[in-house]
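Number of protein chains: 2
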Amino acid sequence: MTRVLILGSGFAGLNAAKVFAGKKGVETIIIDQKNYHLFQPLLYQVASAALSPAEIAVPIRNIFSKYNNIKAIQGKVHKINAETKSVLTNVGEFRYDYLIMACGARHFYFGNEAWEENAPGLKTIEQAIEIRRRVLTAFENAETENDSHKKAKLLTFVIVGAGSTGVELAGALAELSRFTFAEDFRNIDPKRTRIILIEAGPRILPHFSEKLSLHANRHLENLGVQVLTFRKVTKIDADGVSIGDERIEAATVLWAAGIQASSLNRQLKGELDSMGRIVVEPDMSLKHFPDIFVAGDQAHFSHQTGKPLHGIAPVALQQGRFIAKNILKELEHKPREKFHYIDKGHLATLGRNNAVLEIGRLKLSGFWAWMIWLFVHIYYLIGFKNKFVVLLQWAYSYLTYQKGARLIVNHDWRFYKNDKLNNHQQID
Amino acid sequence: MTRVLILGSGFAGLNAAKVFAGKKGVETIIIDQKNYHLFQPLLYQVASAALSPAEIAVPIRNIFSKYNNIKAIQGKVHKINAETKSVLTNVGEFRYDYLIMACGARHFYFGNEAWEENAPGLKTIEQAIEIRRRVLTAFENAETENDSHKKAKLLTFVIVGAGSTGVELAGALAELSRFTFAEDFRNIDPKRTRIILIEAGPRILPHFSEKLSLHANRHLENLGVQVLTFRKVTKIDADGVSIGDERIEAATVLWAAGIQASSLNRQLKGELDSMGRIVVEPDMSLKHFPDIFVAGDQAHFSHQTGKPLHGIAPVALQQGRFIAKNILKELEHKPREKFHYIDKGHLATLGRNNAVLEIGRLKLSGFWAWMIWLFVHIYYLIGFKNKFVVLLQWAYSYLTYQKGARLIVNHDWRFYKNDKLNNHQQID
Numbered sequence: 388m389t390r391v392l393i394l395g396s397g398f399a400g401l402n403a404a405k406v407f408a409g410k411k412g413v414e415t416i417i418i419d420q421k422n423y424h425l426f427q428p429l430l431y432q433v434a435s436a437a438l439s440p441a442e443i444a445v446p447i448r449n450i451f452s453k454y455n456n457i458k459a460i461q462g463k464v465h466k467i468n469a470e471t472k473s474v475l476t477n478v479g480e481f482r483y484d485y486l487i488m489a490c491g492a493r494h495f496y497f498g499n500e501a502w503e504e505n506a507p508g509l510k511t512i513e514q515a516i517e518i519r520r521r522v523l524t525a526f527e528n529a530e531t532e533n534d535s536h537k538k539a540k541l542l543t544f545v546i547v548g549a550g551s552t553g554v555e556l557a558g559a560l561a562e563l564s565r566f567t568f569a570e571d572f573r574n575i576d577p578k579r580t581r582i583i584l585i586e587a588g589p590r591i592l593p594h595f596s597e598k599l600s601l602h603a604n605r606h607l608e609n610l611g612v613q614v615l616t617f618r619k620v621t622k623i624d625a626d627g628v629s630i631g632d633e634r635i636e637a638a639t640v641l642w643a644a645g646i647q648a649s650s651l652n653r654q655l656k657g658e659l660d661s662m663g664r665i666v667v668e669p670d671m672s673l674k675h676f677p678d679i680f681v682a683g684d685q686a687h688f689s690h691q692t693g694k695p696l697h698g699i700a701p702v703a704l705q706q707g708r709f710i711a712k713n714i715l716k717e718l719e720h721k722p723r724e725k726f727h728y729i730d731k732g733h734l735a736t737l738g739r740n741n742a743v744l745e746i747g748r749l750k751l752s753g754f755w756a757w758m759i760w761l762f763v764h765i766y767y768l769i770g771f772k773n774k775f776v777v778l779l780q781w782a783y784s785y786l787t788y789q790k791g792a793r794l795i796v797n798h799d800w801r802f803y804k805n806d807k808l809n810n811h812q813q814i815d
Numbered sequence: 388m389t390r391v392l393i394l395g396s397g398f399a400g401l402n403a404a405k406v407f408a409g410k411k412g413v414e415t416i417i418i419d420q421k422n423y424h425l426f427q428p429l430l431y432q433v434a435s436a437a438l439s440p441a442e443i444a445v446p447i448r449n450i451f452s453k454y455n456n457i458k459a460i461q462g463k464v465h466k467i468n469a470e471t472k473s474v475l476t477n478v479g480e481f482r483y484d485y486l487i488m489a490c491g492a493r494h495f496y497f498g499n500e501a502w503e504e505n506a507p508g509l510k511t512i513e514q515a516i517e518i519r520r521r522v523l524t525a526f527e528n529a530e531t532e533n534d535s536h537k538k539a540k541l542l543t544f545v546i547v548g549a550g551s552t553g554v555e556l557a558g559a560l561a562e563l564s565r566f567t568f569a570e571d572f573r574n575i576d577p578k579r580t581r582i583i584l585i586e587a588g589p590r591i592l593p594h595f596s597e598k599l600s601l602h603a604n605r606h607l608e609n610l611g612v613q614v615l616t617f618r619k620v621t622k623i624d625a626d627g628v629s630i631g632d633e634r635i636e637a638a639t640v641l642w643a644a645g646i647q648a649s650s651l652n653r654q655l656k657g658e659l660d661s662m663g664r665i666v667v668e669p670d671m672s673l674k675h676f677p678d679i680f681v682a683g684d685q686a687h688f689s690h691q692t693g694k695p696l697h698g699i700a701p702v703a704l705q706q707g708r709f710i711a712k713n714i715l716k717e718l719e720h721k722p723r724e725k726f727h728y729i730d731k732g733h734l735a736t737l738g739r740n741n742a743v744l745e746i747g748r749l750k751l752s753g754f755w756a757w758m759i760w761l762f763v764h765i766y767y768l769i770g771f772k773n774k775f776v777v778l779l780q781w782a783y784s785y786l787t788y789q790k791g792a793r794l795i796v797n798h799d800w801r802f803y804k805n806d807k808l809n810n811h812q813q814i815d
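First to last, the protein sequences are chains A and B.
Quick note: the first sequence uses this note's numbering, first residue 388, plus one each step.
Quick note: the second sequence uses this note's numbering, first residue 388, plus one each step.
Calculated directly from the structure, the hints in this document are not laboratory data.
Among the clues, some could well be false.
Identical copies carry no separate label here, and so any pair may be met within one copy or between two of them.
Calculated pairs, DSSO-like style, for lysine-lysine (alpha carbon to alpha carbon, straight line, at most 30 Å) [said to hold, decoys possible]:
(1) 453 with 750
(2) 537 with 472
(3) 712 with 750
(4) 453 with 537
(5) 721 with 694
(6) 453 with 538
(7) 656 with 453
(8) 538 with 463
(9) 598 with 694
(10) 694 with 405
Everything numeric in this text was worked out from a predicted model, so none of it was measured.
Produce the complete structure using the sequences and hints provided.
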């Protein structure tokens, strides 16, 4: 029995495991800190109160319940022993014949990790709920604030970084304040909300062509988003952000600027790039450890075009699938193949019924790009029921401008705290 | 302009506000700690991973967005000044002409508040998510546990209190372990899960007739729930519960035993009963303050039958509506009426396709009671879209035995903690 260990259940890990499902002679163990696969491209919709977490996440063990050769383990990796071929976790040690590392990336503050408290990133469900809580709470607090300066600050939202996540968040917040909240408040006009998108580079959506980037810029500005390019944030605190001498007072700052590959890469012998990704061979394995493969956001693969592939879902998905097939080939004593990415293009939404789409030389923007975005996301969304519910939520949002998940959920579930004063002041 | 202040947006507060919606000459302010109305009868379905929070909760300001005479304020009440007719909150002071108090009840440990840490109650969305997290985590940990004693403890679930909430939780957990999880684990047999329902009194569902209580008891036992009556829990700690000398080792203990009305009642002159509810006049007002009304779980109303009305949704709903109408009558210089409860009966589900139902002398159990339960809950569920999505989720669960929201969501959203050791051990 060959044992394949998969770390991480994102697009790469999940799609590798799917290849092994039901295959005799291969035992597959997926280890992840979470108990679910997360459909990350839609995470910004949880942060902007359009979808519930469970609609874009499916339990891993549920996906593979029918395949006895696939085990799902919720655990945290402590150490990878490449020499002895085993992985140490908080729930025990697992030896492997093949290791597939697909732990993705986390948000990164370029050495300013203290900024996190005042500028959450958007990589996990917990962070999406926290962003939702902050955004909705800002509007609630603005409604009861009498000081006009403080009110303006509460209604200023800054998003740092104008890649897909930043742009999609900006579009969703604009929509929320312009349409969803239009009639819900009595003491504020949500349409006066300032949404500021800050980008250090020369233009938003830098991985798209200049034409589409310009379209996106214009569309966001039409939605009321203020786009600031060539601006590098130098400070973030509880009251806003600084860009050199320039100061923007804002109660809510969101971080969509930096990405850093899993720190597990540092445990392995191999070259890392500036984003912490480990350089892989043409077959996605590591130079010094041919039985270790790395996929998705954790890997730096530049054999195809000379440039590293982007950290997007289709790349991770294809790599995961490719690695699993290569392992099966090797088990049949066939030679390994080289990875070749089939370009599925880039997509980004710009609020309701507008998007940009680029596949090779094809460039599309506007309503039809949005329709394709809709179709692609529903198609790839895991789970029959999720597709249905998400479609229903979107149809509802589209027709009514309402969002389905406008809840402010707190961190603490306890009622009886040590703080007795707090206790009897509470409305239960 | 008459100002009516409503504290709390449960069934009582919400239905009072609905009466005032669009009424000229009346300004209504609803103050609640949360930004949403929660459909509490379905909260156990969030705790048991069947529904998402947003499916049973709707933003208050969204419900009343079209009615300019209704304001929603998210705030915490500090003090009620009945003499000066004003309420002090964390977001300012609000004077009133009429005050409707509908702050409900919280779970209560009869002086053992330290038990909360190891036995969460089920009154809020935060608690439901915490219970879900504990239940799902226990199964995940059992899967990787090799010690058979520890494994058995992880697969033992104790529910203290066999009113509707306790019974519904027990049924849902039984269903989860027997059906939903049946094929999902490799190292444990979820069907071996022990679910123990502990009741201090002589029988479960004490507010139902003996016949239905017996039916429920038998049905739960068929589902594999162990029902222990006449047992008073004397200790709860991290390893389980004690009932005098008897000891049950359990990793998960849930609390559904005690209820205590809002502590705001203690700020008011008036008689409180053993559950902290304030005794109200036949018109639901307070003896010493005729311009203060109390409704729902916060009120003790016993003028109709000599016994206080139960803390169930139909009572709260009717009282809220009644109070609002009485205020409108008084504004038209008509005399106030006395509250008369129209019995809508009791309902409780016993897992999939079984329920008990009692309206006056009508007693029903089994599939048809469950169908009525289904219909009633969908009918009263707030919001067109929620009804649709919940129905879809239920249909899906019913056909596939799957649950829609099996996510383990953590408390902390931060990645960069002070704990550096923790940091680089993490799979991102």
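ask   = For the identical chains here, do residue 694 and residue 405 meet the 30 Å Cα criterion within one copy, between copies, both, or neither?
value = within (29 Å within a copy, 61 Å between copies)
key: Up to 30 Å CA-CA - residue 694 versus residue 721, copy category   = For residue 721 and residue 694, the Cα distance is within 30 Å only inside one copy (29 Å; across copies 81 Å).
task = At 30 Å max between alpha carbons, let me know whether residue 538 reaches residue 463 within a copy, between copies, both or neither.
result = between (43 Å within a copy, 20 Å between copies)
message = Regarding residue 453 and residue 537, is the shortest C-alpha distance of 30 Å or less found within a copy, between copies, in both, or in neither?
response = between (56 Å within a copy, 27 Å between copies)
query = When no copy is specified for residue 712 and residue 750, does a C-alpha distance of 30 Å or less occur within a copy, between copies, both, or neither?
reply = Neither: 32 Å inside a chain and 61 Å across chains, both beyond 30 Å.
Residue 656 and residue 453: within-copy, between-copy, both or neither at 30 Å Cα = Result: close neither inside a copy nor across copies, 37 Å intra and 63 Å inter.
task = Evaluate residue 453 and residue 538 at a C-alpha cut-off of 30 Å and name the case that applies: within, between, both or neither.
result = Answer is between; shortest inter-copy Cα gap is 23 Å, intra-copy 54 Å.
query = Given identical chains, is residue 598 near residue 694, meaning Cα to Cα at most 30 Å, within a copy, between copies, both, or neither?
reply = within (22 Å within a copy, 74 Å between copies)
query = Is it within, between, both, or neither for residue 537 and residue 472, if the alpha carbons may be no more than 30 Å apart?
reply = Only across copies: residue 537 and residue 472 sit 29 Å apart there, 57 Å inside one copy, limit 30 Å.
key: residue 453 and residue 750: within-copy, between-copy, both or neither at 30 Å Cα   = neither (41 Å within a copy, 42 Å between copies)
Of the numbered hints given earlier, the model fails hints 1, 3, 7; all others are met.
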